[in-house]
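Chain A is already provided as a structure; the job is to place chain B on it using the hints.
Protein chains: 2
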Amino acid sequence: MYEVIFQFEDGQQVKISAQAGDNLLELARSANVAIDAPCSGNGSCGKCRVKLVSGEVNAMPTSHISPEDLADGWRLSCGCTICGDVTVLVPDIASAYQSRMKTADLSSGEEVAIFEKLMADVTAAGVDFSNDFTTVELHMAAPSLDDTMPDNERITWALEDALGVEHVEIPFDCMLHLAHRLREDNFHVFASGLRKGDTFRLMDVRAKEEPMCAVAIDIGTTTVSAVLMDLKTGKLLAKASSGNGQIRYGADVINRIIEQGKPGGRAKLQKAIVDETLNPILKALCRSAGVAKERILRMCVASNTTMNHLLLGVEADWVRMEPYIPSFFRWQGLKAADLRLHAHGDADVVLAPNIGSYVGGDITAGALASLLWDKDEFTLFIDLGTNGELVFGNRDFMMSCACSAGPAFEGGDISCGMRATDGAIEAITIDKDTMEPTLSIVGEPGQKVVGLCGSGIIDLISELYRCGIISAKGQFVREGKRVRRDEHGTGRYVLAFEDESATGREVSLNEVDIDSFIRAKGAIFSAIDTMLSSLDMDVSVLEHVLVAGGIGSGINMKNAVNIGMLPDIPLEKFSYIGNSSLAGAYAMALSTHAEEKTYELAANMTYLELSTNPGYMDNFVAACFIPHTNGSLFPSSRQEV
Amino acid sequence: MYEVIFQFEDGQQVKISAQAGDNLLELARSANVAIDAPCSGNGSCGKCRVKLVSGEVNAMPTSHISPEDLADGWRLSCGCTICGDVTVLVPDIASAYQSRMKTADLSSGEEVAIFEKLMADVTAAGVDFSNDFTTVELHMAAPSLDDTMPDNERITWALEDALGVEHVEIPFDCMLHLAHRLREDNFHVFASGLRKGDTFRLMDVRAKEEPMCAVAIDIGTTTVSAVLMDLKTGKLLAKASSGNGQIRYGADVINRIIEQGKPGGRAKLQKAIVDETLNPILKALCRSAGVAKERILRMCVASNTTMNHLLLGVEADWVRMEPYIPSFFRWQGLKAADLRLHAHGDADVVLAPNIGSYVGGDITAGALASLLWDKDEFTLFIDLGTNGELVFGNRDFMMSCACSAGPAFEGGDISCGMRATDGAIEAITIDKDTMEPTLSIVGEPGQKVVGLCGSGIIDLISELYRCGIISAKGQFVREGKRVRRDEHGTGRYVLAFEDESATGREVSLNEVDIDSFIRAKGAIFSAIDTMLSSLDMDVSVLEHVLVAGGIGSGINMKNAVNIGMLPDIPLEKFSYIGNSSLAGAYAMALSTHAEEKTYELAANMTYLELSTNPGYMDNFVAACFIPHTNGSLFPSSRQEV
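Read top to bottom, the protein sequences are chains A and B. Quick note: the first sequence uses the numbering used here, first residue 1, plus one each step. Quick note: the second sequence uses the numbering used here, first residue 1, plus one each step.
It is worth saying that the hints were derived from the structure and are not from the lab. Just so you know, not all the hints are guaranteed correct.
Stated by the list, open to error - Below, a sample of chain A positions facing chain B; criterion: calculated Cβ distance under 7 Å: (1) S144; (2) T148; (3) P150; (4) D151; (5) F172; (6) E184; (7) V314; (8) W318; (9) P323; (10) I325; (11) F329; (12) D338; (13) H342.
Even for Gly, the Cβ is constructed at its ideal location relative to N, Cα and C.
Isolated chain A (complex conformation) (with noise of 0.2 Å):
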């Protein structure tokens, strides 16, 4: 047995045994040490380096690592196997892609505006936010020795006189304190549950009145975000967000998939959702609003069909293999406890509906949100994740399809890529004569730049292209201070050396980078194409481009059609929408009729398989040019260079 050491920037330590031939990347996760590894450790990537503090490694050869950073001991810790004790540096950079968890600070109102709006919006669309919640204030005679009603009883015939109901349900969770609750205050108590029909199912009883809660969750395959909000009001009491933790296992969901059909993997992956992920979240939700888990008594989570198999713990193989046939579109009946999720246990948990494998409930429950199927015009909506997925209709139709786009929105499969957290760039102008950019950098002023995300991705390729510096396939083609070259003859960009980071390496762009972000906006331009040719359309008819998603609100929507990824129709037809996903989970968290809405949206959504439809091989291949290779389909990107 050797002793392996992962120290950080910080200076702490975690140390861990290990046998000769064990794998570091996989003792990393086994230790709970977070090193990205979007590609799942197959060493495409990259991302996951580490630093030899002292000892060795048998590290396999990698094109990621120079020969002068191999001599300085770096290594990529997916390549290294234990051959003895050993120290590795972890980098912080080397996390970058995670994110901790962030609370919002509701003081400002903007974010409860959102939500307010949301509310306004889809009632006046027709859906009803009333729900069937009820808290009702009951004083019972204690008991005595002439009047020995075990306390079950006691709180039913107590809640049947109250409510008029005729059937009391107590679900296990509310039974385990009820003894106690109801002697706080001397059989005085504030009964709060579910009236359906002629039963109450009593879910929580407290001695003093509090309010009741509901969560709504947005389990992206990078990024998780969640509400917690009045059951009643559906007032804004919390928000909070972090990483989703199976990124360890793989930046999307192909290699998820892969790895949860290893043994174990199902529980490893559900594990890293659930007890690292959505539970802390859950927690610092309660926390931030000074309420008690057994007071969330509904929830509802949108996520992808990948993201919810995986949340379940149900085997997400079939949903990449042809036919590719998840085991459920739409799944009731799920309860908390199924999860162990830190809720109340009896507290439902709405799954908004897939409607195939690769359109999610996260866009079921974004197009309720979108409220594309209350308008007449014909409105595109586009949802930047992980991958990229449009719904495309109006009030008589819908037709939606998927997209491999991959990561790159989100920073993912980009050498000096990340999410659009502090030090990210998330905005670039170039000077056309002397190359210099002028960056926009996330965080505090005096913030160093980290990396890249998705919409500075966008800016500097439009700017790379737009002052010559790049060619239509994305080469370089000017020479200059910052534009390098590596040994191979591979050309980069260079937005900070490395006496100007943060990192201490350099942050740039370079042509496999753009090869990669190329062909994710040429999937997405392919998509929007071949979904209207289906329909004998073309992006003339769009009225309204709705973008919704991870990219963040930073995407300028211009330079993003400069590049031949969003149609080139007005600007003003483009509105960012913001994550659409948790805002329909809010809606179905709070509303029964919301929930039977979008599960009615589902049932009414075409769904449009690009992978076996003929034209879209083509298409795509036409759309990895920048702009495009018709050029006339982008005549404002054209008049621009």
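Same frame as chain A, but now just chain B:
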């Protein structure tokens, strides 16, 4: 920090770190070392003896350890605190009261016959043993790119078609495995579940046909027994029993209630019964019958009110505090997953209903199995478990009561008492002249004596009294080789001298033990007397006396009458009916009709509270003699002497 080593007779050791002042018994508990402490560690029972091997402890003085034994290193672990490194020997006897897992050999057919007869008798009394569980064979079309229905919809349609139902529910546990099970034999499966009106609740899907199973469990304060059977035929497939793992927290319900009231106590006692007792039993049952846990589709638990509160993890404090209000009498909707039981998570766990704090589900289930409710004649049903409970009545009415007989009938609270397992003396005769005993010992021929079980104690006291060795007050009045006295003059009768016993310790019954037992038997008889008096009846009305419970089939009814425990009526009216609680649970697990019948019995059973009954205390005091203060109640006992 000091090191405490528990050493066993077989040479094995358990080490644990401790701090100065830590209690030795508590340390043993936290290290999962089984040391009996029927008194819950308050120093009164003297059972938790350990012997110092090296090192020293701070020990409270105790009359349970003689000066010689103290010099030899014997200590009562409950009274010891740590003051340095120490190694103690935990003699086998220290956990003799706890029994190991035992699976029954069903090959002789004897055990099977008991349940077959029960099923026949209960059926003859009008209870329908059919249930609505069904297995159906399905041949579904495998999915394709043109038929992309998800798994749950696919099987839902197939089930609706095959069974003519309108709704199919698929609970969490079933969904978890669905994708895999459907594909094992290319969408040809056997689907098992419960039909309820126009709804089918799908519980388990298999590629091959397998039996649907039920489990019945009797949770006694001391012993837990369970049977696994075929849900459709009732055929016994396996039987197992073991000690109740909670016993190390106290031998009786009062001590356990006190223990659960301490911080973390509920979780600790629930763990002891669920994880350390029931789950090992369930695993043994599954292994023995060769079935997967997911095939256990329905369960029934019969137990006293305290045991079922501790099982569920609800506060039991109020069970023992005036006015003695349990959280529930009847609890419906409980699932195996709520308790983390080794069974199908969605299996209903039916609880035999309680009717009071001290007449619980073991008695209502026992009453069902006793068929008392189907008899014209007045019948008395007595359950001699760790406490004594009675039901008296016939098809027209039923009255029940409980008396605090304590654990003496199962060997508890008796210095050399033990359960009726290997080494227990279960029957005794004494030669009136020589005062020499003839012993019948449980176990293989040649088994040496370990202690005395309940039936042995009854025989011994009856024989000691018949031979004039003890007085009607239970005091020794003859002298001889086997009658010894300690330094305080307390007499005892030696059944096995040190060199004759399996443990090297003398096996005897002393005046304190006899006094305990007289109080126990007095409690039983006075309860019978008080209950009949409350109805203006006396023992002459009794046509059947059915004795059930852990005292064992070895009980000699004549001796039980002779000591004044059972009423002096013709012996042919007595019968021992074994574990009626388990028998009732068996019926309830198989049949919803039997379940409903038990609720009906419970609702119709009048509960007589003895503790507040003015006549009971007088009756009890009068019954604390051999056979009774009023000898005319026991003419045949007098005749005998």
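| query | Can T148(A) be said to touch chain B, with a Cβ gap under 7 Å? | reply | holds, 6 Å
| query | Hint check: is the beta carbon of H342(A) less than 7 Å from a beta carbon of chain B? | reply | Because about 17 Å separates H342(A) from the closest Cβ in chain B, which is outside the 7 Å limit, the hint is violated.
| Interface restraint verdict for F329(A) against chain B (beta-carbon cut-off 7 Å) | Holds. Min distance 5 Å.
| request: Tell me if V314(A) is really an interface residue toward chain B, meaning its C-beta lies closer than 7 Å to one of theirs. | output: Given a least distance of 6 Å, the restraint on V314(A) holds.
| request: Would you settle whether the hint for S144(A) is holds or violated, based on the nearest Cβ-Cβ distance to chain B being less than 7 Å? | output: holds, 5 Å
| task | Answer holds if the nearest beta-carbon of chain B is closer than 7 Å to that of P150(A); otherwise answer violated. | result | holds, 5 Å
| Quick one, is the I325(A) hint okay against chain B at 7 Å, beta carbons? | Hint on I325(A): holds, closest Cβ of chain B at ~5 Å, below 7 Å.
| said: Take the shortest C-beta to C-beta distance between P323(A) and chain B; is it under 7 Å? | reply: holds, 5 Å
| Evaluation of the interface hint that places W318(A) against chain B, nearest CB under 7 Å | holds, 6 Å
| message | Hint validation: D151(A) versus chain B, beta carbon distance must be below 7 Å. Holds or violated? | response | Holds: closest Cβ of chain B sits about 5 Å from D151(A), inside 7 Å.
| request: Go through the hint on D338(A) and say holds or violated, using the shortest Cβ distance to chain B against 7 Å. | output: For D338(A), the interface hint holds, since the closest Cβ of chain B sits about 4 Å away, which is under 7 Å.
| task | Let me know if the C-beta of F172(A) comes in closer than 7 Å to any C-beta of chain B, holds or violated. | result | holds, 4 Å
When held up to the earlier numbered hints, the structure conflicts with 6 and 13 and fits the remainder.
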